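Chains as they are written, first to last, in our numbering: chain R, 1 to 326; chain W, 1 to 714.
Please keep in mind that the hints were generated in silico from the structure rather than gathered at the bench.
The structure presented is a predicted model; accordingly, all values stated were derived computationally and were not measured.
By construction, the Cβ of each residue, glycine as well, lies at the ideal position given by its N, Cα and C atoms.
Just to be clear, a hint being listed does not mean it is correct.
[Stated by the list, open to error] According to the in silico footprint, chain W covers these stretches of chain R (three or more CB under 8 angstroms from chain W):
{"no.": "1", "stretch": "24-32"}
{"no.": "2", "stretch": "137-145"}
{"no.": "3", "stretch": "232-240"}
{"no.": "4", "stretch": "286-295"}
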Amino acid sequence: MQAFEYANPTSLKEALGMLSSQWGEADILAGGTDLLSLMKEYIHTPKRVINIKGIKELGGITKTAAGLRIGATATLDELTESAAVRTEYPSLHQAAMGVSSPQIRNMGTVGGDLCQRPRCWYFRQGYGILGQEKGKSLVPDGENRYHAIFPKSQAYFVNASSLAPALIALGAKVKIAGPNGNRELRVEELFVVPSSNAARELALAPNEILTEIVVPSARGVKNATYEVRQKEALDWPLVTASVAIRMKGSSVASAKVVLGHVGPTPVVATAAEQMLTGKSLTQDVATEAGKSALDGAQPLNGNAYKVQLARVAVKRALLEAAKARG
Amino acid sequence: MPNYSWPPMSTRKAIGQRLSRHDGLEKSTGKAKYNSDLNKPGMLQSALLTSPYAHARVRSIDTSAAEKAPGVTAVRVIATPGTELQWQSQEIAIVAASTEQAARDAVRLIKVDYEVLPHVVKEEDISKVGNRAKPAGEQLTGDPDKAFKEADVVNEGHYGIPVLTHCCLEPHGQVVQWNGDQVNYWPSTQNVSGIGGDLAKNIELPATAIKVHQDHIGGGFGSKFGSDRWGVEGARLSKASGGRPVKTFLDRATELNIAGNRPSAYARIKMGAKKDGTIIAWESTSWATGGMGGGALPPIPYVITNIPNRRLNHSAVATNGGPLRAWRAPNHPQASFLTCAAVEDLAAKLGMDPIEVFVKNIEYAPEARRESYVHQFKKAAELAEWSKRWHRRGDSGSGPVKRGLGVGICSWGGAGHASTCNARINPDGSVDIELGSQDLGTGTRTIIAQVAAETLGLPVNAIKVKLGDNSLPPSNGSGGSTTVGGVSSSTRIATVNALDQLFEKVAASLSTTADKLEAVGGKIQVKGDPAKSLTWAAACRKLGTQSIAAQGQNNPRNPLGLNTQGVAGVQIADVSVDVETGVVKMNRMVAVQDCGLVVNPKLAEGQVTGACIMSICGALMEERVMDGQTGRVLNPDMEFYKLAGAADIGEIIVHMDIREELDKRGVIGLGEPPTVGGVAAIANAVANAIGVRVPIIPLTPDRVLRALEERRSA
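Please put together the full structure from these sequences, using the hints given.
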């Protein structure tokens with residue numbers, strides 16, 4: 001990796017002062033499980049690396065009546081160990097357990113999971129976020145078995161976050177600190193489709209820090225995540241579905257259905273959500289919702305199988321949620 | 001000549017013991033040092049510049065900026081202007097510097113002007129490789145056309161197994177120091193006695209000038225015999241840097257791209273059989289690549305080779321990928337998969353149990369192994385609960401998860417290689433056994449100690465074994481499953497010779513002659529008369545101040561019945577397949593394996609277990625993914641070059657086929673045969689579970705779902 005300056009601030013203010021208004025100048029280091037490999041491959045060549053793990057206010061997980069506050073530097077392991085998460089937000093617990101490496105759960109942070117860069121192998125080999133050579137994406141005619149089935153314009157990579165689908169389904173927000181104060185985004189608003197091969201896929205400015213995640217109370221919300229992964233050991237999900245359902249009696253009052261690893265941003269399956277409203281969560285309804293969720297999918301020449309996987313993931317997440325209390 | 005033969009099974013004390021490997025604790029605590037762990041005083045680090053293109057010509061190269069970079073001591077150009085680069089990551093230049101980072105930074109300052117040339121990197125679809133396919137000429141036996149007409153059932157299928165790489169956890173490389181007329185060389189090698197000579201040839205020094213040392217190796221699998229370009233260049237960098245040691249170990253991407261691979265094999269296979277399962281005809285059109293040299297015809301039909309009517313056509317496909325190297329049992333896993341898959345498909349069409357079909361046709365296998373296969377099919381079937389769990393193809397019940405069983409077979413040679421052993425018995429009673437061999441992680445040290453202990457009537461921990469240095473008596477490289485046969489035989493002969501000398505020294509004090517003595521239970525005694533004995537320590541004290549040294553050699557042309565070749569093995573896989581997601585899970589793998597006289601059953605089982613895990617990886621996950629557009633390897637990492645974790649392997653049951661009649665044959669190598677049949681077994685189990693053949697390995701969710709989809713739309 002390229003030599004860099006290492007900064008170890010102890011306050012958020014200090015850290016914000018060290019960032020740059022240009023991408024590429026400075027990188028934020030939390031768990032480092034993604035940043036280090038990006039730097040080793042010279043995909044990121046920051047002049048300064050700012051470790052934020054020493055900033056106490058960015059850590060911790062707290063449960064209040066209003067919901068759950070997760071500090072950006074809380075580790076995935078802390079998340080999986082949290083009793084509150086396990087009981088009230090099983091979808092989040094399941095999503096974190098999908099990161100099936102204890103080492104990565106120990107080091108990796110919740111903020112880092114949201115901010116990590118895509119795993120697209122063209123991006124990782126230096127062809128840019130859109131995987132382009134001579135202005136044309138290499139993905140459609142290339143090896144795209146892990147790529148998007150909901151591509152957007154020229155973006156064929158898939159969002160890599162394990163937690164985002166669950167957080168979106170649960171209606172979570174992220175808090176962001178910047179030079180001009182704080183702002184909040186709904187988690188789905190954090191992810192954007194990059195406009196160029198050098199652009200970023202997050203709605204963050206280069207001088208902002210994601211500080212915490214706030215998840216509203218999920219009391220009375222049946223929620224579950226189902227991930228299709230080839231391996232039990234460390235492996236990226238092929239697709240993920242996360243659902244959060246409010247029931248009225250035995251039928252669905254409102255549903256959130258979110259797909260992960262299918263597009264450059266997590267995909268909110270609005271058609272499936274509408275289709276579920278008023279129905280009971282039976283096997284047939286769940287199967288039908290899976291089909292609705294994949295309406296409009298545009299698979300590439302090597303990844304049509306992911307459409308089937310996503311349908312199944314939605315179905316199984318719904319059936320899992322149906323079993324859950326709440 | 002003394003009697004070197006192995007003691008009969010019933011009287012053995014040390015041989016046959018289920019001992020843990022001697023270096024197990026050291027390895028599991030990290031105390032064991034691999035050569036990639038070395039940090040010599042004054043040591044320099046190096047970095048390679050490699051080709052970003054799959055095919056290009058170097059027009060010019062400018063290293064001036066790198067030479068001036070901080071910390072750099074030497075820069076060497078490997079691919080001079082005009083050099084045609086035939087694969088991505090081919091070596092272009094190498095830099096030595098004070099730190100790894102300085103070396104890597106300097107490499108990025110080297111300017112190369114490339115003329116990019118057209119490449120071919122994918123061979124699965126042979127219609128798209130153009131003139132890169134070189135047909136080898138038809139092999140014809142009998143009259144296949146007539147036989148297919150006479151067949152009651154004919155099955156045609158296509159099958160493929162991709163290029164995979166060795167994935168050694170310790171990458172290739174070395175620390176090397178060329179100081180004056182001597183080179184100290186610490187490589188990661190399967191070839192301690194021979195690699196020095198290989199380096200010497202390449203740097204124009206006498207072989208005796210190279211001192212090689214290696215205590216442990218982190219995996220080789222057939223890919224670590226030579227000094228390699230990085231070894232030669234490392235030595236030259238050291239010389240150019242005033243004789244300071246230079247460390248070069250490949251980074252993961254370079255390791256996966258250029259440090260060897262197992263060639264692919266694709267085939268269309270047609271088989272014809274009579275209603276009763278008798279196979280009468282085979283026809284195959286196959287192709288393979290392992291880089292620019294193409295890939296050879298795997299030995300098909302495998303094991304049941306002598307099908308009376310056969311037509312084989314094969315093409316070697318030259319692709320712009322890193323060159324192949326031997327990978328545990330070269331071309332056998334491919335041959336086993338192609339053959340066993342075709343037989344399984346034929347059996348399904350016949351409505352027969354595939355084991356029945358194999359047994360029915362066992363006369364096509366080499367005569368010497370037929371009985372073993374039949375025995376092993378039975379044993380493996382019993383351990384896998386075949387009669388309870390096997391079902392007709394696809395008949396696997398309701399629900400999305402289908403369970404199935406499949407079988408695969410192996411054969412291998414494994415005769416002992418040339419090996420020399422020195423055995424020394426010291427006046428203090430200690431025993432030193434020395435060989436210029438290597439322990440690849442298989443337990444070679446432990447096995448040698450067991451053989452010596454058996455001969456000398458001592459506990460195994462009384463034997464000190466020294467390996468891993470080319471100043472010791474030479475043994476061949478560890479390839480072809482030849483080590484255990486070679487080193488056990490040379491150790492047996494050396495220790496018998498040393499013991500005879502000890503008998504001569506002490507016979508008089510026991511009022512007898514040397515030929516009447518035996519070494520049993522830590523004593524030297526008159527045969528059958530424990531009352532007339534000396535303890536081992538007392539006997540050795542009679543040596544005065546002088547040790548006894550004796551040598552033993554295994555001569556592969558006349559191994560004295562101590563080792564031999566030719567083994568059989570049968571594996572059965574038990575899998576569950578989720579037909580909604582295409583995800584395959586291993587329930588169980590059963591391996592029944594013969595290797596003649598088994599010196600240490602526990603270590604042998606460990607070898608077979610490791611081989612089963614490699615088969616699981618190969619069947620379900622491993623694949624070098626090439627990009628047709630850029631010519632690059634897209635997964636030169638441990639993230640998308642997938643390997644199994646502990647949770648992915650299921651239960652592994654190993655049964656070493658230890659029987660008196662097999663034991664009598666002598667010691668036979670085991671490194672390779674158990675890696676052969678697993679892919680076939682797993683692929684057949686998946687076909688059995690889901691009712692349709694998934695033709696191309698690895699059996700990933702996309703391929704499993706595609707096969708199911710194609711059947712639905714058929």
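Verification of the hints:
Only when three residues or more bring their CB closer than 8 angstroms to a CB of chain W does the claim for the stretch 24-32 of chain R stand; here the count is 0, and the claim is violated. Taking a C-beta to C-beta cut-off of 8 angstroms, the stretch 137-145 of chain R contributes 5 residues in contact with chain W, enough for the three needed, and the coverage statement holds. Only residues whose C-beta sits within less than 8 angstroms of a C-beta in chain W count toward coverage, and the stretch 232-240 of chain R has 6 of them, enough to reach three; the restraint holds. Only residues whose beta carbon comes within less than 8 angstroms of a beta carbon in chain W count, and the stretch 286-295 of chain R has 0; fewer than three means the coverage is violated.
When each numbered hint is compared with the structure, violations occur for hints 1, 4.
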